[in-house]
Amino acid sequence: MSGGRGRLIWQSACLVLLLASTWLIVEASLRDASTSIVSAGRTAFTVLGLLALTWWSPAPGTPDRRTTRYRWWQVVLLALTGVTAYTVLSTVAISLAGPALPALALSLTPAVVLIAESVLLRTWPPARTVAGTLIAVAGAVVYTIPRLAGTLGDDVALGSLVALAAMFSMAFYGLYFSRTNRGYEGPMAPRILPIFAVGTIPLALWAGSDMAAGERVSWTVLGMLVVLGIVVYVPAYLLQHRILLTGGPSYSALLGLAVPPLVGLSSALLRPAGAPAPLQIAGMALTLAGMALVIRSKLARPRKEEPARAS
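Just so it is clear: in the sequence shown, position 84 is 86 by the numbering used here, and no numbers are missing.
The set of hints was computed from the structure by calculation and includes no laboratory data.
Fair warning: this is a prediction, and the values are worked out from it, not measured in the lab.
You can trust all of the hints, since none of them are fake.
FRET-style restraints, in silico, Cβ to Cβ: (1) Gly-216 <-> Leu-136: 43 to 49 Å; (2) Leu-281 <-> Leu-19: 23 to 29 Å; (3) Gly-185 <-> Leu-301: 18 to 24 Å; (4) Ala-129 <-> Arg-181: 20 to 26 Å; (5) Leu-50 <-> Glu-29: 18 to 24 Å; (6) Ala-279 <-> Tyr-72: 41 to 47 Å; (7) Ala-54 <-> Ala-206: 18 to 24 Å.
The beta carbon of each residue, even a glycine, is placed where N, CA and C say it ideally should be.
Produce the entire structure from the sequences given, and follow the hints as far as they go.
The following block contains the structure:
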């Protein structure tokens, strides 16, 4: 296994672990703070962490002709789709339809991205990649189905539409970021800092309106948001965006399917009464099998054909 492909594997594993930890920390912080404050707070501290890394990043010795500055509308488009819209839409979807149904809609993201990526590249992906993606998505659906009972909200129809909008927003972000940064190999913090800085502005206004209405933030929650934004999300976002360029958007989206089962297992260890049902265990097995098939296909392909260099 080449060094580049081995690096992709450990980066993928680290990303899944970091994203799973964010779910647990966010769940704990939401017990004492509103969704808007947690969303804006974690993103604001992420921006501070990215700003520090950008400040310390060494300047390139020679300009890279493949690296171009973002145009202002590209930053706004990336910020709105990948940060603001996804955060707001997924939150609204959960409030309307409950937590499980939006998760079901978001589990379709890898399939949607794979189709869109194939259309953009005008090439059909390898059969093992297609099969693995479908198996992994099916496993995510099977894992989520038992969670639907008793968790549906007051407006399932509208919540489902909003959840699909969140899914398409994130799918677009992954595809557009990879195309906009095609061939970029420099430090990642300077490339994503403007996106998250702009995306934080609407979230800060949302949180500000809640605080004006009487919401407050305890020191405990503030500490959790610092850890969440700087210690967890900064490395997670750096890895996620690097994988978008080295593994491709569909591969990056597929990694997200491993997060809910990992969170479920972690919760079961913390609360034995919440052990996964047999159907959920079957869903986990399907997801892992599908992901293994995609990873095997990714490692078997010649490096020059990998979508990261063309997407």
